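Chemist: The listed protein sequences derive, respectively, from chains X and F. Oh and the first sequence: position 36 is 36 in the working numbering, straight run, nothing missing. Oh and the second sequence: position 234 is 234 in the working numbering, straight run, nothing missing.
Worth flagging that the hints you see were computed from the coordinates, not collected in a lab. Be careful, since some hints might not be right.
Said to hold, decoys possible - Beta-carbon label-pair distances, calculated as ranges:
#1 X/Asn103 - F/Met147: 26 to 36 Å
#2 F/Pro245 - X/Met68: 38 to 48 Å
#3 X/Asp10 - F/Phe264: 51 to 61 Å
To be verified - Some chain F residues judged to face chain X by a derived CB distance under 7 Å, without partners named:
#4 Met147
#5 Val150
#6 Glu161
#7 Asn184
#8 Leu187
#9 Asp191
Unchecked claim - Simulated pairs of lysine-lysine, DSS-like, Cα-Cα distance not exceeding 25 Å:
#10 F/Lys30 - F/Lys77
#11 F/Lys227 - F/Lys30
#12 X/Lys42 - F/Lys70
#13 F/Lys12 - F/Lys70
#14 F/Lys68 - F/Lys104
#15 X/Lys42 - F/Lys12
#16 F/Lys199 - F/Lys227
#17 F/Lys79 - F/Lys163
#18 X/Lys50 - F/Lys170
#19 X/Lys50 - F/Lys80
#20 X/Lys42 - F/Lys80
#21 X/Lys42 - F/Lys179
#22 F/Lys70 - X/Lys50
#23 F/Lys104 - X/Lys50
#24 F/Lys80 - F/Lys111
#25 F/Lys79 - X/Lys42
#26 F/Lys109 - F/Lys179
#27 F/Lys70 - F/Lys80
#28 F/Lys79 - F/Lys30
#29 F/Lys34 - F/Lys179
#30 F/Lys30 - F/Lys170
Everything numeric in this text was worked out from a predicted model, so none of it was measured. By construction, the Cβ of each residue, glycine as well, lies at the ideal position given by its N, Cα and C atoms.
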Amino acid sequence: MKLLDRKLTDKINDMINDIVETCSRILSTEAKVEQACSFDSKDDAKNRLKLVLMHDRSQLSPAQMEQMRDELVDVISRYVEIDREALDLCLEAETNTIALVANIPILRGK
Amino acid sequence: MSGRVIVVTSGKGGVGKTTSTANIGTALAKNGAKVVMIDTDIGLRNLDLLMGLENRIVYTLVDVIEEKCKLQQALVKDKKLPSLSLLAAAQTRDKTAVNSDQMKDICNKLKEDFDFVLIDCPAGIEQGFQNAIAGANEAIIVTTPEMAAVRDADRIIGLLEAKEEILSYKLVLNRVRPKMIQSNDMLGVTDVQDILSVKLLGVIPEDENIIVSTNRGEPIVNMENTKAGTAYNNIARRILGEEVPVPDFETPPPSFVDRLKSLFMATARV
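With the hints as constraints, model all of the structure from the sequences given.
Modeler: See the structure below:
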C-alpha cells in the first residue's frame, strides 16, 4: 500500500512539474510575442518628441548641420584619413538623453 | 487694486484654450474673485459662445480701442455671477485691428478694477499671440498629451521665456485619458512635465460633459459632479493660493480582486 502511495505521489509530482513547465513555456513565449508587436506607443511618442524638440530648441538649420559636418571632417582629417562621403552626423534620442552621433569610417591612420 | 493679468495660451489650436479660459474664469469668480475675461481671438471669437453670452455682445475690444465706446460699456456681465465679466473680440475684423501697446493699455486699466484679467489667446505665434501676451504678467499654457500639442507648447514656452514681463507660467494638461496612460498608449502627466519642464497647474481628464456644457453655453464648473468641472475648480483654487493636490491619473485603480482582498483583510481584522 505504502509503495503504491509513493508511486502515485511521484506520478502526481511529475505531472505537476510537466504542467508548470508547459505553462511557463507558453507564458514566456506569449510574453515575448506581446513585447515584439506591441511596444508602448507612449515611449515612441516621448522619444520622437524629445528629438524634435532638440532640433527646435537648438535651432540648428540643415545648413548649420552641414557646416558642422564639414568642420568636423576637417578637424578629424588632421589626425586620420577618413571617408568624407560616408560620414554620418545626426541627433539621436536614447531613452533619457539626446546625443549627437557621428559615424566616421576611418580609411587609415596618418 | 492691482489685479493679476494671466494669458491662456497654447500655440496649437483646438487644445482647449477657450474652454480653459471660460472655466478658470468662472471658477475664480465662484471662489469670490472679481474677474474679467478678454477674448483676443479677433475674427474668430468663441468665448462668448462658451459663456452663453453671444446675444448680449454690443461693443467689442476693437470698439474700445477705436474709442467707439467706453471700456466699461463693452464689459458684458455673466448671466449668474455678477463678479464675472467678458470683453468680447470683434468678429468682423482681423488681428491687425489691435496692437500690443493698445492691449497693454487695456490690461493696465482693467487690472485696477479686477482681481484677475484672464486673456484668451488665439492659436499661432503671430500678431494675435503677441497682442494677447503684451499686457500679461503670468501665463497658463494649455496642452494635450499629443505630440503636436506638446511640441507647440514648447515653442510657446520659448517665446514666453524671452518676454521678461511674464513672471511665471504654468501648465494645464487637458483631455487626459487615464486608461490610455495606464496602458502606456498616451503620454502621461510626468512624461509631458519631463519634456517641457514647466510647473504643473492642473490636469483635466477627458470628459464628454464638456460638449454638453458647450451646447448649453454653460461652463462645466457650473455642472455638478463632473470630472472636468472639478479639475477646473481645483485649478482656480490653486491660482488663489490654496494647496490642492493633483489626483494621480497614472496608477491603475485596484482591480476587483484586489478590492475584494482588501475587503476581506479589513473584515478579518475586525
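Chemist: Next, verify each hint and record whether it holds.
Modeler: Comparing the hints with the structure gives:
1. The given range of 26 to 36 Å is respected by X/Asn103 and F/Met147, whose C-beta atoms sit roughly 27 Å from each other.
2. Evaluation of the 38 to 48 Å hint for F/Pro245 and X/Met68 yields a pass: the beta carbon distance comes to about 46 Å.
3. Here the CB-CB span from X/Asp10 to F/Phe264 is close to 36 Å, at odds with the stated 51 to 61 Å.
4. The restraint placing F/Met147 at the interface with chain X holds, with a minimum CB-CB distance near 5 Å, inside the 7 Å limit.
5. Restraint check, F/Val150 versus chain X: the minimum CB separation of about 6 Å is within 7 Å; hint holds.
6. Taking 7 Å as the C-beta contact cut-off toward chain X, the hint placing F/Glu161 at the interface is violated, the least distance being around 11 Å.
7. For the restraint placing F/Asn184 at the interface with chain X, the shortest Cβ-Cβ distance is roughly 4 Å, inside the 7 Å limit, so the hint holds.
8. Because the smallest distance between the Cβ of F/Leu187 and any Cβ of chain X comes to about 6 Å, under 7 Å, the interface hint for this residue holds.
9. Restraint check, F/Asp191 versus chain X: the minimum CB separation of about 5 Å is within 7 Å; hint holds.
10. For the hint pairing F/Lys30 with F/Lys77, the CA-to-CA distance comes to about 14 Å; that is within 25 Å, so the pair holds.
11. Between F/Lys227 and F/Lys30 the CA atoms are separated by roughly 17 Å; this keeps the pair inside 25 Å, and the hint holds.
12. Restraint check for X/Lys42 and F/Lys70: the C-alpha separation of about 51 Å exceeds 25 Å, so the hint is violated.
13. In summary, the hint linking F/Lys12 to F/Lys70 is not supported, as the alpha carbons are separated by about 33 Å, beyond the 25 Å threshold.
14. Distance check on the hinted pair: F/Lys68 and F/Lys104 sit about 18 Å apart at the alpha-carbon level, within 25 Å; holds.
15. Taking the CA atoms of X/Lys42 and F/Lys12, the gap is about 20 Å. The hint holds against a cut of 25 Å.
16. Proposed proximity of F/Lys199 and F/Lys227 is supported: the alpha carbons are some 22 Å apart, at most 25 Å.
17. A threshold of 25 Å between alpha carbons decides the hint, and for F/Lys79 with F/Lys163 the separation of about 36 Å lies outside it, so the pair is violated.
18. A distance of roughly 20 Å separates the Cα atoms of X/Lys50 and F/Lys170; the hinted pair therefore holds under the 25 Å criterion.
19. With a CA separation close to 45 Å, the supplied pair X/Lys50 and F/Lys80 exceeds the 25 Å bound.
20. Of the pairs offered as hints, the one joining X/Lys42 and F/Lys80 is violated, with about 42 Å between alpha carbons and a cut-off of 25 Å exceeded.
21. The suggested pairing of X/Lys42 with F/Lys179 holds, with an alpha-carbon distance near 13 Å, which does not exceed 25 Å.
22. Taking the CA atoms of F/Lys70 and X/Lys50, the gap is near 48 Å; set against the 25 Å cutoff, the hint is violated.
23. Taking the CA atoms of F/Lys104 and X/Lys50, the gap is near 35 Å; set against the 25 Å cutoff, the hint is violated.
24. Of the pairs offered as hints, the one joining F/Lys80 and F/Lys111 holds, with about 22 Å between alpha carbons and a cut-off of 25 Å not exceeded.
25. Proximity of F/Lys79 to X/Lys42 is assessed by CA-CA distance (about 43 Å); at most 25 Å being required, the pair is judged violated.
26. Between F/Lys109 and F/Lys179 the CA atoms are separated by roughly 45 Å; this puts the pair beyond 25 Å, and the hint is violated.
27. A threshold of 25 Å between alpha carbons decides the hint, and for F/Lys70 with F/Lys80 the separation of about 24 Å falls inside it, so the pair holds.
28. A hinted pair counts as satisfied when its Cα atoms are at most 25 Å apart, and F/Lys79 with F/Lys30 qualifies at roughly 13 Å.
29. Proposed proximity of F/Lys34 and F/Lys179 is contradicted: the alpha carbons are some 37 Å apart, above 25 Å.
30. Proximity of F/Lys30 to F/Lys170 is assessed by CA-CA distance (about 22 Å); at most 25 Å being required, the pair is judged to hold.
Checked against the numbered hints above, the structure violates hints 3, 6, 12, 13, 17, 19, 20, 22, 23, 25, 26 and 29; every other hint is satisfied.
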